[in-house]
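Protein chains in written order, with this note's numbering: chain C, 1 to 264; chain U, 1 to 258.
No wet-lab data here; the hints were simulated from the structure.
Don't take each hint at face value.
Claimed, not checked - Heads up, incomplete: computed chain U residues facing chain C, CB under 10 Å, no partners named:
| id | residue |
| --- | --- |
| 1 | 17 |
| 2 | 37 |
| 3 | 43 |
| 4 | 89 |
| 5 | 90 |
| 6 | 143 |
| 7 | 145 |
| 8 | 146 |
| 9 | 175 |
| 10 | 179 |
| 11 | 203 |
| 12 | 204 |
| 13 | 206 |
| 14 | 244 |
| 15 | 252 |
Here the structure is a predicted model, which is why all the values come from computation and not from measurement.
Where is the CB? At the ideal position from N, CA and C, for every residue including glycine.
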Amino acid sequence: MTRLLSIEDLAVATGSGRPLVRGVSLTLRAGRILALLGESGCGKSLSLLGALDALPPGLRRMGGVVALDGRPCAGRELRGGIVATVLQNPREAFNPLLTLRAHARETLEVRKAEADARLASALAEVGLDDPAVPGLLPGEMSGGMLQRAMIALALIREAPFLIADEPTTDLDPVARARLMDLLAGLRARRGLGMLLVTHDLGVAARLADEVAVMQGGRIVETAPTARLFAAPAHRHTRDLLAAHAMLCADDRPPAKTATVGAVA
Amino acid sequence: MTLLALEGVGKSYRPGHPVLRGLDLAVRDGEWLGLLGQSGCGKSTLARIALGLERPDTGAVLYRGRPLAGLRGAEARQARRDLQLVFQSAAVSLNPRLTAGASIAEPLRNFEPLDRRGRAARVAELLEMVGLRPEDAGKLPGQFSGGQLQRICIARALAPTPRLIVMDEAVSSLDLVGQARLLDLLAGLRRSLGTACLFITHEIRLARRFCDRVAVMDGGRIVEEGPAAGIESMARHPAARALFDAVLPPLPPGMAAR
Ligand SMILES: Nc1ncnc2c1ncn2[C@@H]1O[C@H](COP(=O)(O)OP(=O)(O)OP(=O)(O)O)[C@@H](O)[C@H]1O
Ligand SMILES: Nc1ncnc2c1ncn2[C@@H]1O[C@H](COP(=O)(O)OP(=O)(O)OP(=O)(O)O)[C@@H](O)[C@H]1O
Ligand SMILES: [Mg+2]
Ligand SMILES: [Mg+2]
Chain C
1 MTRLLSIEDL AVATGSGRPL VRGVSLTLRA GRILALLGES GCGKSLSLLG
51 ALDALPPGLR RMGGVVALDG RPCAGRELRG GIVATVLQNP REAFNPLLTL
101 RAHARETLEV RKAEADARLA SALAEVGLDD PAVPGLLPGE MSGGMLQRAM
151 IALALIREAP FLIADEPTTD LDPVARARLM DLLAGLRARR GLGMLLVTHD
201 LGVAARLADE VAVMQGGRIV ETAPTARLFA APAHRHTRDL LAAHAMLCAD
251 DRPPAKTATV GAVA
Chain U
1 MTLLALEGVG KSYRPGHPVL RGLDLAVRDG EWLGLLGQSG CGKSTLARIA
51 LGLERPDTGA VLYRGRPLAG LRGAEARQAR RDLQLVFQSA AVSLNPRLTA
101 GASIAEPLRN FEPLDRRGRA ARVAELLEMV GLRPEDAGKL PGQFSGGQLQ
151 RICIARALAP TPRLIVMDEA VSSLDLVGQA RLLDLLAGLR RSLGTACLFI
201 THEIRLARRF CDRVAVMDGG RIVEEGPAAG IESMARHPAA RALFDAVLPP
251 LPPGMAAR
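The shape of chain U in the complex, shown without the other chains (with noise of 0.2 Å):
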């Protein structure tokens, strides 16, 4: 079943400069839906679209099939909780003055009818989830470097055991173990609660591992999707080709893949 639609959502700043134009997409409960594109081509416009932050010019967002901006009531809160967004840099998306622990017990506050030990027990299990100590609960945004950042931003993302995570370069400072072992850990989510993830990234490779579909979006629209194995070799939308084919090579020059 579709959990999120995006169907002909078109949104300008500039007037003449459209940076979505008529775009569709839709992820599915428990998919995981890669978003490739170019800097710039709109994709943290969408992030912040399809979870209601900003309001499309023309067109709607779906929540299982109706409009998320008629939601009211009960219903509304229910999708705020549902859809997560973990932005795209880490430290303007904390607030400076807030611990780490009060940065992810906030929505837990909102959302769980949790007293103050439980609250305080559930940080320290999502802290040691995301590969941070409980005793970091304590730590204000200034004193942890840029991979720790975002991890404390999936964190607080995941603090309300949400249906849909959208992870805009969420995990783009961190080293490639830790990368790996984070999104392992979505995966297992996804496994054991049907979590689904829209999961924007440069990162072909990353997508191409964790996702089951690939989207490309190039002018305002989404111009190429299909499975993500193989896509790169399936791709025809000279946008998606001229993505695939810069992809850096793994050794250097001279040096042969063994």
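Bound-form chain C, shown alone (with noise of 0.2 Å):
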């Protein structure tokens, strides 16, 4: 089985050379979960699509290795089968003629009733269980259904990796703690490795082993995710941080919920 997806020294310029992602190192584990976070426009987006050969026309990667293992492979060789990814714009992803039935029976390639019990199951265990959903156009679906949607199908292929970028950005906080569960979920039961791109340090605290930060078009850090809110060492790290901090000051004092004090 799969255990290691690795990228390494990435980098991604425009067609002119102008570099937008520099060296960029991340490890995936088979049930582990990195989150990667940074400012918008940073390059989270372009370094997945990098390692995925992915890249929108005009940009380039200018050199990296992804490797399977230990043994190196093309972006294409990855793409579905072994990762799959859930775009940050889930609207643009999907064709806007064909319904969610339509997309799975394309994305499995199997028997049309085993595709749609496939997706049946998926759709309900990200919460879209109401059975007139498969038979949605896009255009016909809220913004948090598609993003939801767009998981599901990312999931039915039962690939050994996941990389999301983004995934939880409309979705409310009942749908958000049922995918956080999911993914924990899966990563216990299936040894699911991921990579979630998030703003969200609330997604990044609830699930990641690990996170990696990213600045200006590199990695600056990168720590256990405890480690990492307890004692961050990078500037931009703990810029992030604060203010987290400050939009969580006004929580309500936890009710009796965890305050155990496990880490110092």
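Assembly of the complex is requested from the two constituent chains, each provided in isolation within its own frame, with the hints serving as guidance.
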């Protein structure tokens, strides 16, 4: 079984050679969740797209190695079967003329009835259990419905790795908490290895084993989650945590929930 | 004074599945109203109806006390200028073949008596306001990140100096520092110009920090409404409680908040 997906020294530049991403190294491990944080425009999406050889026209990957259990491989070998992907803008990722059911049948290449059944159960897992949903067109779904539909479609192939770019931006707190539980369950049951790009530090705190922080096209800090929150080393990490703390400062004091103090 | 009011608004897309069911909601001049609700509950539908982009099946939208749908000529034009919407998905709400500058200039062309130089200067000013650079005016949507696209959409909505800006998850792709900066900017406009905001969001903490009042939607109606401060402890309705109780804690499990 696949255990390790490593991205090493990745660089992305414009056609004229202006660097947008430099020296990015990230390691995904089976059963582990890595969160990638960083301010808007710092190069998170381009890093993912670069690693998967899915850059938009006009941009080039300038170097770097992506390897599966140590064996270098091209991004297009990974997409779909080995790495399931959830892109940042769900509405752009769908064909507006195809229902969700048609998308699933196209993705899965199995008998229709089986594709339909697997879609239904994946949709139920992300909280879209209304039987009308598989028959909807993308334009007939709300932002959060589309985001969850995209996650469901990514999960039905049962790839060993998942790369998801801001997968919770359009989800309400209940749907978000439910997705957190689903992903934590997949990590435990199936050993799914994940890279989650998120600006929600609550998501990183709840789910990530390790956090990488990016700024200006480079990774500036990588640390186990508890250490990153307790003792951020880089200035940029401290700024992000300070903004997060300020926003959370007016929270109601937590009810009887965990204040165990296991971490110093 | 009430700026915009929805009265008894009903809407369904499929027979037997109403999205809005006799919904009432009012935004006062200069007010910031936060709108929360489960995904799929009808917030974006409400936003489109509030701006007259979609017709309600029943009920009415009133702009300064007069039915929006009945306005004609100069009054209709003024309402179109005064009410601006920042759509939920920035990437698809921008024309991929127009530069950022051209998209932002579009409302200026319609509503402001500016020549080309004047428009270019105003576009540059708007780009800087939302945290982009004037030279970004020449780039196409495909050359921006998710958060940068949201900034462009906000600049476009601010261009005609609206009285009410409806923000539908309009800062959802920005990092926290960027969100706070943009909302501080809007709060500044509110102080100087009295710009009101209907702030549709899943981020309860942002609504609490920036809004005066918060309303919660469920089952096609507003089920909870009150001052933003302390909304989490006051809410009674089960749908509102469920949202507030599900907010993720700020720190990893086992770490106490200081
Ligand atoms: N096609 C392109 N041509 C030129 N520059 C680009 C192109 N696409 C993206 N960029 C620039 O590259 C930088 C990194 O973009 P990227 O989409 O990776 O950011 P991000 O970290 O994902 O941001 P966000 O959190 O806002 O989505 C941005 O400054 C963006 O303007
Ligand atoms: N054009 C349409 N045709 C058919 N159904 C639609 C259409 N637009 C919206 N709907 C349905 O209306 C309901 C409300 O959608 P809406 O986009 O208003 O929700 P929302 O509250 O904005 O959700 P989210 O928080 O996920 O963005 C959903 O069930 C959706 O499927
Ligand atoms: Mg991005
Ligand atoms: Mg919506």
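For each hint, the structure was consulted:
1. 17: holds (8 Å)
2. 37: holds (7 Å)
3. 43: holds (8 Å)
4. 89: holds (5 Å)
5. 90: Constraint on residue 90/U satisfied, holds at 8 Å.
6. 143: With a closest approach of 7 Å, the residue 143/U hint holds.
7. 145: holds (5 Å)
8. 146: Constraint on residue 146/U satisfied, holds at 5 Å.
9. 175: It holds, given that the least Cβ distance between residue 175/U and chain C is near 4 Å, below 10 Å.
10. 179: At 8 Å from the nearest chain C Cβ, residue 179/U passes the 10 Å test, so the hint holds.
11. 203: holds (8 Å)
12. 204: With a minimum Cβ separation of about 7 Å from chain C (threshold 10 Å), the hint on residue 204/U holds.
13. 206: holds (7 Å)
14. 244: With a minimum Cβ separation of about 8 Å from chain C (threshold 10 Å), the hint on residue 244/U holds.
15. 252: OK, holds: residue 252/U within 10 Å of chain C, min 4 Å.
This entry satisfies every hint, going by the numbered hints stated previously.
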